[in-house]
Amino acid sequence: MTTALWIGTRKGAFTLRPDARRRGWRLSGPQFLGHIIHHVVQDPREPKVLLLAAKTGHLGPTVYRSSDRGRTWREAAQPPAFRKAADGESARAVERVFWLTPGHSSERGTWYAGTAPAGLFRSEDGGERWQPVAGFNDHPMRPQWVPGDGTPDGELTHSINIDPRDPKRLYIAISPGGVFESSDGGADWAPLNEGCAADFLPDPNALYGHDPHCVAVHPHAPDRLYQQNHCGIYRLDRPARRWVRIGRAMPKKVGDIGFPIVLHPSDPQVAWVLPMDGQTVWPRTSIAGKPAVYRTNDGGKSWRRLDRGLPESRAWLTVLRQAMCRDARLSRIGIYFGTTGGEVWAGANDGESWRCIARHLPEIYSVTHAV
Amino acid sequence: MSCTVRIPSPLRSYTAGAATVPAEGGTVAEVLASLEQRFAGIRFRMVDEQSRIRRHIRMYVNSDEVTTLAQPVASRDVVHVICALSGG
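Here the protein sequences line up with chains A and C, keeping their order.
Read left to right, the first sequence gives residues 10 to 380 (my numbering).
Read left to right, the second sequence gives residues 16 to 103 (my numbering).
Isolated chain C (complex conformation) (with noise of 0.2 Å):
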């Protein structure tokens, strides 16, 4: 399963300054292990040893907000993720 994974400027240096990336899996988690493969060190900057999402990032698939790494993928989706910041 193909899908698009949009990328957020902090972590840009992991994907060259690529804003988009293809990314294989038929969930979120599968994504996420594609990404890696790719990218080595990003998944861990989004998701913590006990694949929690962290705190202050969130994910989407399409418009649905992700809450489990189960959450299926299909071809084409497009997998945001939304880096969260307040305050200075």
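Isolated chain A, as found in the complex (with noise of 0.2 Å):
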């Protein structure tokens, strides 16, 4: 079986491809040098297929699929844009693709992107062409809900989870604004916040408006969501709405401020953090410049530290939400993340040794893995 990590960058995409044992890594690319890539990400259901992110500093944004594991690449006949705005309406024009997720395995072909500023859009045709997802883009609510563009890199859809069990069950984060559900295919939706600190709002108990970093479903107990929060690391069993803040047993020094949170493949108790400074103004850095991911194994009661092969101090690594994963192995896992810097770093066995499998890249923006 091949295995390949994606990794997109604000200069193009590159593909880091290993040896038979994982210790040699072969760097190829760059694809479509110059354009800036925020996903790349396989099609679990027919694993040929890929689909890319991208934009340029003054181009428009676009999807582009590839039919063949990436060796060529066919740009959207019709990439996602929102409705035209009626007279008076506030007209919003889709700024990035920041985010692209397969649809369940029942529904072959069918892809969600999320943009900035915050809109879903749904392909049906692999990717060809997309319309937007009215139920959420043109919700009664979504004023409300997403305060606009407040932050220097704009309102973003992130993290879309469909329930394996059932295609018309979905959330989506967006940042800021909150996690939202979805029971009956994108048509309504409905905050699902309760229990998340958002302590940069003036009411604490805020039903939205929340800035979740990234959320992940797991896929073989979807009960369980994992949340690395702008305000702490949670965990949510349903049919609960109040997520709890597990991020309390990091260590105190460490605190539980990060962007990505990576699940294990089959064991719902297992999932990876890589934490950064969320002090003063938020330099988003290795927490006193000692890069580490952590990793618990029941479910947020604990957490150990993996820092084996990283740097020992005076590393400054942030690491955005795309840009951490895992491989496809159900056991002795490979971790993997990407730094702004341009470094990938590989965790053998689960994340417990670290190595440097390539470095000199552009600013990282996300790392994925494909077979």
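FYI, nobody ran anything at the bench for these hints, they're computed from the structure.
Glycine included, C-beta positions come from ideal geometry on N, C-alpha and C.
Treat the hints loosely; a few may be bogus.
To be verified - Derived pair list, reagent style EDC-like, types lysine to aspartate or glutamate, alpha-carbon separation capped at 20 Å: (1) Lys177/A x Asp286/A; (2) Lys93/A x Glu51/C; (3) Lys93/A x Glu64/C.
What the hints assert, rightly or not - Computed spacing ranges between beta-carbons, pair by pair: (4) Asp232/A x Arg70/C: 30 to 36 Å; (5) His369/A x Thr83/C: 41 to 47 Å; (6) Ala99/C x Arg35/A: 35 to 41 Å; (7) Thr83/C x Arg35/A: 26 to 32 Å; (8) Val290/A x Gln65/C: 33 to 39 Å; (9) Arg257/A x Ala99/C: 20 to 26 Å.
Bring the two chains, given one by one in their own frames, into a single complex with the hints.
Below, the structure written as structure tokens:
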């Protein structure tokens, strides 16, 4: 079985492929040199198919599709775009396609895309033509849920999750805005943020306006959700609606702020996070210049520091929300992350020992695994 | 009405490398539609879904900056498309 890491960067897409023992990694690319690549995602239903979200500094956003494992690409005939605004209505335009998620296993060819400004789009033909999900984009509460373009990178739709038992149950996250769920395939939505802190809001018990950084539904226990939020690490066991802050069990000096969260392929008790500095003006770099991944094996009751092989000090890494992933192994899993400084790190054996497998790349936005 | 469109390098992947292409139309909107017909996808990279010229794109008809897609284009005019980048 082939395996590859797809690296989306500010200047193009790269791939890393390992040798048989996963000791040496061969870098290839760039493809789309000079393009801003936010996400490259394989279709688990048709593994030869990948979608790639691209734009440039001047050109509008688009999506490319490959049907030969990334050797050749073709642009979508109709990229994600908001509907034409009515007279007097705020006229939204997609500034970038930020996130891609394949649809349910029973819905071959269906994909979802999340954008900035916050929008949700769906394709039913493998990414060729995209339609707005009006149930979210035009929801009467959307102007309240999503406070507008108030952050430097704008409002982002990400973490699109589909319940593997039910193609109509969807979860999305808006940063900032919160987590939202739909039980009818996207026709209607409701906030799902109870229990999450929002220290930056006037009302600490607000129902929306939160800042989820990354949300993941467990693939084999889909009643369990994990969330790395701007204000902590959380777990939610449905049908409950109240998130529990499992990041309280992290060491106090480290805290529980970060961007990505990665789940184990089979064990719902296991998750990995990569803490960052969320103090004072939010440097978003490794805590005290000492990068580490943390893993829980008990659903967040305790966390174990994994830093063997990572720089011991003076390393100010930033890892964005799409830039950490796992491979397809069911045990001795490989964990991978890419930094905004252009390094890719591989953590063998569930992240127990780390090695830098690529450096000198452009600013890394996403690291995803493909088989 | 036949005019010439000067294509900047970031968009030449759509025109098979051509730096100038002929197009038809009596307005900028019609010229862009003519381009889109020949080079599928090129319009959306320059103009958003609300028919606004994108923030870092400028267009000129001869030496007049395009402020509306309804701007007239005459036969033998040259439509320039400019892409603006800054920083790294």
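For each hint, the structure was consulted:
1. Our distance criterion of 20 Å between C-alpha atoms is broken by Lys177/A and Asp286/A, whose separation comes to about 37 Å.
2. Taken as a hint, the Lys93/A and Glu51/C pair is honoured in the structure, with Cα atoms around 18 Å apart against an allowance of 20 Å.
3. For the proposed pair Lys93/A and Glu64/C, the alpha carbon gap of about 6 Å is at most 20 Å, so the pair holds.
4. Taking 30 to 36 Å as the suggested C-beta distance range, the pair Asp232/A and Arg70/C does not conform, at roughly 43 Å.
5. About 46 Å separates the C-beta atoms of His369/A and Thr83/C, a value consistent with the hinted range of 41 to 47 Å.
6. Take Ala99/C and Arg35/A: their Cβ atoms lie about 37 Å apart, and the range 35 to 41 Å holds.
7. Distance hint for Thr83/C and Arg35/A: a CB-CB separation of about 51 Å, inconsistent with the stated range 26 to 32 Å.
8. Judged by the Cβ atoms, the range 33 to 39 Å given for Val290/A and Gln65/C holds: they are separated by roughly 35 Å.
9. Here the CB-CB span from Arg257/A to Ala99/C is close to 48 Å, at odds with the stated 20 to 26 Å.
Consistency with the previously given hints fails for numbers 1, 4, 7 and 9, ordered from lowest to highest.
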